[in-house]
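Going line by line, the protein sequences match chains W and A. Each residue of the first sequence is one higher than the one before, counting from 0 in numbering that gives the first Met the number 0. Each residue of the second sequence is one higher than the one before, counting from 0 in numbering that gives the first Met the number 0.
Some hints here could point you the wrong way.
Copies of the same chain look alike in the list, so a pair counts if it works inside one copy or between any two.
[As the list claims (entries may be wrong)] Distance condition first, Cα-Cα at most 25 Å in a straight line; then the derived DMTMM-like pairs of lysine to aspartate or glutamate:
no. : residue 1 : residue 2
1   : 222       : 32
2   : 222       : 237
3   : 99        : 65
4   : 222       : 131
5   : 73        : 241
6   : 73        : 28
7   : 222       : 188
8   : 93        : 37
9   : 73        : 165
10  : 93        : 223
11  : 73        : 130
12  : 222       : 28
13  : 93        : 130
14  : 222       : 65
15  : 73        : 188
16  : 73        : 214
17  : 67        : 165
In short, the hints are calculated from the structure, not lab data. Since we're looking at a predicted model, the values are computed, not measured.
There are 2 protein chains.
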Amino acid sequence: MSASDPNALTPILRRGLYETIFGRRDMREFRSDPIPNEVLARVLVAAHRAGSVGFTQPWDFVIVRDLKRRQAVKAVFEEERWRNAHQFSGARRKQFMSFKLEGILEAPVNIIVTCRTGRFGPAVLGKTSIDEVEVFSTCLAVQNLWLAARAEGLGVGWVSILRNRELRQIFAIPDEILPVAYLCCGYVEAFPPRPQLETAGWADRIAPHGLLHFDSWERWGEKEPLALAVDDPAIWRDIFPDR
Amino acid sequence: MSASDPNALTPILRRGLYETIFGRRDMREFRSDPIPNEVLARVLVAAHRAGSVGFTQPWDFVIVRDLKRRQAVKAVFEEERWRNAHQFSGARRKQFMSFKLEGILEAPVNIIVTCRTGRFGPAVLGKTSIDEVEVFSTCLAVQNLWLAARAEGLGVGWVSILRNRELRQIFAIPDEILPVAYLCCGYVEAFPPRPQLETAGWADRIAPHGLLHFDSWERWGEKEPLALAVDDPAIWRDIFPDR
Numbered sequence: 000m001s002a003s004d005p006n007a008l009t010p011i012l013r014r015g016l017y018e019t020i021f022g023r024r025d026m027r028e029f030r031s032d033p034i035p036n037e038v039l040a041r042v043l044v045a046a047h048r049a050g051s052v053g054f055t056q057p058w059d060f061v062i063v064r065d066l067k068r069r070q071a072v073k074a075v076f077e078e079e080r081w082r083n084a085h086q087f088s089g090a091r092r093k094q095f096m097s098f099k100l101e102g103i104l105e106a107p108v109n110i111i112v113t114c115r116t117g118r119f120g121p122a123v124l125g126k127t128s129i130d131e132v133e134v135f136s137t138c139l140a141v142q143n144l145w146l147a148a149r150a151e152g153l154g155v156g157w158v159s160i161l162r163n164r165e166l167r168q169i170f171a172i173p174d175e176i177l178p179v180a181y182l183c184c185g186y187v188e189a190f191p192p193r194p195q196l197e198t199a200g201w202a203d204r205i206a207p208h209g210l211l212h213f214d215s216w217e218r219w220g221e222k223e224p225l226a227l228a229v230d231d232p233a234i235w236r237d238i239f240p241d242r
Numbered sequence: 000m001s002a003s004d005p006n007a008l009t010p011i012l013r014r015g016l017y018e019t020i021f022g023r024r025d026m027r028e029f030r031s032d033p034i035p036n037e038v039l040a041r042v043l044v045a046a047h048r049a050g051s052v053g054f055t056q057p058w059d060f061v062i063v064r065d066l067k068r069r070q071a072v073k074a075v076f077e078e079e080r081w082r083n084a085h086q087f088s089g090a091r092r093k094q095f096m097s098f099k100l101e102g103i104l105e106a107p108v109n110i111i112v113t114c115r116t117g118r119f120g121p122a123v124l125g126k127t128s129i130d131e132v133e134v135f136s137t138c139l140a141v142q143n144l145w146l147a148a149r150a151e152g153l154g155v156g157w158v159s160i161l162r163n164r165e166l167r168q169i170f171a172i173p174d175e176i177l178p179v180a181y182l183c184c185g186y187v188e189a190f191p192p193r194p195q196l197e198t199a200g201w202a203d204r205i206a207p208h209g210l211l212h213f214d215s216w217e218r219w220g221e222k223e224p225l226a227l228a229v230d231d232p233a234i235w236r237d238i239f240p241d242r
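Next comes chain W alone, as it looks inside the complex (with noise of 0.2 Å):
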């Protein structure tokens, strides 16, 4: 094992982040015990932490607690959720309409991180021929977002199954302001150890080298050491020396 940058965080630091990119998931089920105030704040500052194409910062939140608006939101959801169905057929469509793909009313607290453009006006430095950097951004904080929660204890879960128009209408959302992700939050009985699709067999996890290219995207380079590397367990042994 090589030594450590100076730059690079202590390993049990380490291991703070890369436990919460492993533990996060997609949840569907949530307890419905209140959110404290301060741990809600810090996924949120964390949120807003992201790097932004020219330091824009072109997010915002809305809090949703209101449940009639949860309400109307799950209405569109379950529209969604049928037009989705039948993109599918026979026992995929079935298996499709066995998941539970949301947690709106369930869960205390719903987000929608939305994504303003030109929020300081129309010039962005960073942004010329690639008209999508403002959104790139705000995924970015949506992960941040994401990953602070886990590492709170709390799940969140992307409802992308609705539709924006309606999510304007609802939250009284302007025409120039786009929402990118529409979450469920809250505290969960436990995080499973994967992914519920790979779990019921929906999709299976890629292999990590056979999503690397070598300087072009006709070089797969199976025998790249650092495609090796990738799905090499010794590569964590600094990390978690315990497993």
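Keeping the supplied structure of chain W fixed, place chain A upon it in accordance with the hints.
Frame of chain W; chain A shown alone:
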């Protein structure tokens, strides 16, 4: 301070996550030292462990070390930088031109994170009216990569001043694959305490309470306990008892 939930990580492990989040920077200057394969492998595995809509894992990673290709990318950057500069005028344009915005040639490795829609077929669990869900998932992987790199002492800089058409040509990326993030990656001298654009006065950090809305976009709720909590340093006492 409230007691932690049983599913929460211990304070020291949570500190590892929060230190990483707060210490992550968009870096543009790199040391030339090579990155050990085991370190880069951990960073890539962390990226791959992001959540994805319908467990589609839509990301691929092109590991770029070839100098000729990086020089071609740099040439595209130089053209786009001029286009970007012309969005600004006067002192602001001059300041823009003074910023170093990439480390394409200095960093030992560049990484392109791409998005492949329909990896397991056109039907996607969780994709109905919101079409960009797989791109959103890809950005979550980028943030995992960025955080793991920071914890390992590696700087990452996201270069968005590029054109996807040329990236596809240089790296033989098929038309149906979207290059989402072009990242420079390498060890650095030091991580600055604040973002470069904040220190330079390009834009100010927004106070967190200014980003919160309650049940409706129009309800800012500055006196909500949560809005007070996000600006309160006391919420960090359990995590950083020494600060």
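At most 25 Å between CA atoms: does that hold for residue 73 and residue 165 within a copy, between copies, both, or neither? Cα proximity of residue 73 and residue 165: one copy only (11 Å, versus 43 Å across).
Given identical chains, is residue 222 near residue 131, meaning Cα to Cα at most 25 Å, within a copy, between copies, both, or neither? So residue 222 and residue 131 fail the 25 Å test inside a copy (35 Å) and across (34 Å) alike.
Intra- versus inter-subunit Cα pairing at 25 Å for residue 73 with residue 28: within (15 Å within a copy, 47 Å between copies)
Homo-oligomer pair classification [residue 130, residue 93; C-alpha up to 25 Å]: For residue 93 and residue 130, the Cα distance is within 25 Å only across copies (23 Å; inside one copy 39 Å).
Should residue 93 paired with residue 223 be assigned to within, between, both, or neither, using CA atoms and 25 Å as the limit? neither (42 Å within a copy, 44 Å between copies)
With identical chains treated as interchangeable, where does the CA-CA distance between residue 73 and residue 214 reach 25 Å or less: within a copy, between copies, both, or neither? Close across copies (15 Å), not inside one copy (46 Å); limit 25 Å.
When Cα atoms must be at most 25 Å apart, do residue 73 and residue 130 count as within-copy, between-copy, both, or neither? Classified as between: cross-chain Cα gap 20 Å, same-chain 31 Å, threshold 25 Å.
Using 25 Å as the alpha carbon limit, work out where residue 99 and residue 65 are close: within a copy, between copies, both or neither. Within one copy only: 22 Å inside, 46 Å across.
Indicate which option fits the pair residue 222, residue 65 if close means a Cα-Cα distance not exceeding 25 Å: within, between, both or neither. between (55 Å within a copy, 17 Å between copies)
25 Å Cα cut-off: does residue 93 pair with residue 37 within a copy, between copies, both or neither? neither (42 Å within a copy, 42 Å between copies)
Alpha-carbon proximity between residue 222 and residue 32, which holds within one copy, between copies, both or neither at 25 Å: between (50 Å within a copy, 23 Å between copies)
What label fits residue 73 with residue 241 when the C-alpha limit is 25 Å: within, between, both, or neither? Neither, since 44 Å and 44 Å both go past 25 Å.
When each numbered hint is compared with the structure, violations occur for hints 4, 5, 7, 8, 10, 12.
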